[in-house]
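Residue numbers (my numbering), protein chains in the order written: chain A, 1 to 115; chain B, 1001 to 1110.
FYI, nobody ran anything at the bench for these hints, they're computed from the structure.
Cβ coordinates follow ideal geometry from the N, Cα and C atoms, glycine included.
Each hint should be verified, as a subset may be incorrect.
Claimed, not checked - Label-pair ranges, simulated between beta-carbon atoms:
#1 B:1008 - A:82: 21 to 29 Å
#2 A:28 - B:1049: 15 to 23 Å
#3 B:1017 - A:38: 27 to 35 Å
#4 A:59 - B:1008: 16 to 24 Å
#5 A:82 - B:1013: 36 to 44 Å
Said to hold, decoys possible - Straight-line alpha carbon distances no greater than 30 Å define the calculated DSBU-like cross-link-like pairs of lysine-lysine that follow:
#6 B:1037 - A:57
#7 A:9 - B:1102
#8 B:1102 - B:1026
#9 B:1026 - A:9
Unchecked claim - Among chain B residues calculated to face chain A with C-beta under 10 Å, some are:
#10 1006
#11 1018
#12 1040
#13 1041
#14 1042
#15 1043
#16 1055
#17 1082
#18 1084
#19 1089
#20 1096
#21 1097
#22 1098
#23 1100
#24 1107
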Amino acid sequence: DSGVTQTPKHLITATGQRVTLRCSPRSGDLSVYWYQQSLDQGLQFLIHYYNGEERAKGNILERFSAQQFPDLHSELNLSSLELGDSALYFCASSVALAGSADTQYFGPGTRLTVL
Amino acid sequence: QQPVQSPQAVILREGEDAVINCSSSKALYSVHWYRQKHGEAPVFLMILLKGGEQKGHDKISASFNEKKQQSSLYLTASQLSYSGTYFCGTESSGNTPLVFGKGTRLSVIA
Chain A
1 DSGVTQTPKH
11 LITATGQRVT
21 LRCSPRSGDL
31 SVYWYQQSLD
41 QGLQFLIHYY
51 NGEERAKGNI
61 LERFSAQQFP
71 DLHSELNLSS
81 LELGDSALYF
91 CASSVALAGS
101 ADTQYFGPGT
111 RLTVL
Chain B
1001 QQPVQSPQAV
1011 ILREGEDAVI
1021 NCSSSKALYS
1031 VHWYRQKHGE
1041 APVFLMILLK
1051 GGEQKGHDKI
1061 SASFNEKKQQ
1071 SSLYLTASQL
1081 SYSGTYFCGT
1091 ESSGNTPLVF
1101 GKGTRLSVIA
């Protein structure tokens, strides 16, 4: 158990819908990262928040947005869902900023299925 | 820029050794190694920070050649539990996100 929690574990929805994925980092960690992993694909970095502020964006679609709240939990919002958005979504947390060679601890993931 | 991992997949018998390579076209600040079992979260193995640094974890070790911008993960006397996909993640200097390679699928059979 990494100490990172993600809810829900599974999510099945229809195209065009909007969903929210939630992540609670390990106690004391200020950074939250979101990744998308499609079937048999690697981990695609989406976005990074540090202490409530957005620090870096990766391959994140405009239909996707995220935020980190004062209690440091984070939410990833996915809207106008398409079949291709079906994937495992992981969040990870670390103590420090990216580029500081800090270990990232991954949550169990949310499996999103868009029908 | 995404690091390149090789091989893409490897099958070993228990007790055999394997090497997984990770190379980048950019200067690297650090290399991170993770293992992911099917349907589970990636699990941290180790970070390498300095050129030439080697780290070990049980029978899994890694090296980092800063000049060549490469890292290698060494698995010795492999066990069934080593099966999974191994990812390297690289950081360039500065405030840059970790970029993962596409992974190497390792299967250990009895």
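Structure-based check of all given hints:
In this structure, residue 1008 of chain B and residue 82 of chain A meet the distance hint of 21 to 29 Å, their C-beta atoms being roughly 28 Å apart. The hint said 15 to 23 Å for the Cβ distance between residue 28 of chain A and residue 1049 of chain B, and at roughly 22 Å that hint holds. The hint said 27 to 35 Å for the Cβ distance between residue 1017 of chain B and residue 38 of chain A, and at roughly 31 Å that hint holds. One distance hint, 16 to 24 Å for the beta-carbon pair residue 59 of chain A and residue 1008 of chain B, holds here, with the actual separation near 21 Å.
Checked against the hint of 36 to 44 Å, the C-beta distance between residue 82 of chain A and residue 1013 of chain B comes to roughly 43 Å, which is consistent with it. A C-alpha spacing of about 27 Å is found between residue 1037 of chain B and residue 57 of chain A, which places the hinted pair at or below 30 Å, so the restraint holds. Restraint check for residue 9 of chain A and residue 1102 of chain B: satisfied, since their Cα atoms lie roughly 24 Å apart, inside the 30 Å limit. About 17 Å separates the Cα atoms of residue 1102 of chain B and residue 1026 of chain B, which keeps this hinted pair within 30 Å; it holds.
At roughly 36 Å between alpha-carbon atoms, residue 1026 of chain B and residue 9 of chain A are farther apart than 30 Å, so this suggested pair is violated. Below 10 Å, beta-carbon pairs count as interface contacts, and residue 1006 of chain B has none with chain A, the closest being about 14 Å; its hint is therefore violated. Evaluation of the residue 1018 of chain B hint against chain A yields a violated restraint, the C-beta minimum of about 19 Å exceeding 10 Å. A least Cβ separation of about 7 Å between residue 1040 of chain B and chain A falls short of the 10 Å threshold, and the interface hint therefore holds.
Taking 10 Å as the C-beta contact cut-off toward chain A, the hint placing residue 1041 of chain B at the interface holds, the least distance being around 4 Å. The criterion of a C-beta within 10 Å of any C-beta in chain A is met by residue 1042 of chain B, whose closest approach is roughly 5 Å, and the hint holds. Contact between residue 1043 of chain B and chain A, as hinted, is supported at the beta carbon level, the nearest pair being about 7 Å apart and thus within 10 Å. Checking residue 1055 of chain B against chain A: minimum C-beta separation of about 12 Å lies over 10 Å; hint violated.
Residue-level restraint check for residue 1082 of chain B is violated (minimum Cβ-Cβ distance to chain A is 19 Å; threshold 10 Å). Using the Cβ-Cβ criterion of 10 Å, the hint placing residue 1084 of chain B at the interface with chain A is not satisfied: the shortest such distance is roughly 13 Å. At about 8 Å, the closest approach between the beta carbon of residue 1089 of chain B and any beta carbon in chain A falls short of 10 Å, and the interface hint on this residue holds. Because the beta carbon of residue 1096 of chain B sits about 5 Å from the nearest beta carbon in chain A, less than 10 Å, this interface hint is met.
Checking residue 1097 of chain B against chain A by beta carbon gives a least distance of about 5 Å; that is within 10 Å, so the hint holds. For the restraint placing residue 1098 of chain B at the interface with chain A, the shortest Cβ-Cβ distance is roughly 6 Å, inside the 10 Å limit, so the hint holds. Taken as an interface hint, residue 1100 of chain B checks out: its beta carbon lies about 4 Å from the nearest beta carbon of chain A, inside 10 Å. Interface hint status for residue 1107 of chain B: violated, as the beta-carbon distance to the closest one in chain A is roughly 14 Å, over 10 Å.
Hint compliance for this structure: hints 9, 10, 11, 16, 17, 18 and 24 are broken, all remaining hints hold.
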